[in-house]
Amino acid sequence: MVELPDGRRIRGTGLGHPRGDIDAPDFAVYLLERDPGDQGWEYRWVRCPDFGIPASTSDALSALHEAHERARDERVEVACLGGVGRTGMGMSVLAVIAGISPEEAVAWTREHYRPDAVETPEQERWIRDAATLL
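Numbering (my numbering), first residue to last: 2 to 135.
Take these hints with a grain of salt, some might be off.
[As the list claims (entries may be wrong)] Estimated spans, in silico, between C-beta atoms of each pair: (1) THR58 to ARG35: 37 to 47 Å; (2) THR133 to GLY21: 15 to 25 Å; (3) GLY17 to GLU43: 15 to 25 Å; (4) THR58 to GLU112: 22 to 32 Å; (5) ALA108 to PHE52: 28 to 38 Å.
The set of hints was computed from the structure by calculation and includes no laboratory data. Glycine included, each C-beta is placed from N, C-alpha and C at the ideal position.
All chains, full assembly: derive it from the sequences and hints.
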């Protein structure tokens, strides 16, 4: 669970990991190549290839804004398959929405979520570019 600078809490994870006894979210954003299908809770799917960037920046930002808003009083998660690169991108954008500068977003995410979050230079560029649209 990551606490954003504005106090909202969002879980980053990978759908390839067992959920175990972790509470199901009320809402999720899934950055995946394919729609994951029914999860038992409300979610937004953002088409995004492994090691890549979202097919639609507009769709991604809309979903992440909704996640941030709903995290005020709901359990929210952001996930890809492994929980590293694409999830790290989502967490970085959420950090910017919550007040971190775009230049510091990846470093902040690596410190507060996972040290290996955001896997490619293309993903880092996308975060900076997407932040200009917020």
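Status of the hints after comparison with the structure:
no., hint, in the structure
1, THR58 to ARG35: 37 to 47 Å, "violated, 19 Å"
2, THR133 to GLY21: 15 to 25 Å, "violated, 38 Å"
3, GLY17 to GLU43: 15 to 25 Å, "holds, 21 Å"
4, THR58 to GLU112: 22 to 32 Å, "holds, 25 Å"
5, ALA108 to PHE52: 28 to 38 Å, "violated, 20 Å"
The structure is inconsistent with the numbered hints 1, 2, 5, although it conforms to all the rest.
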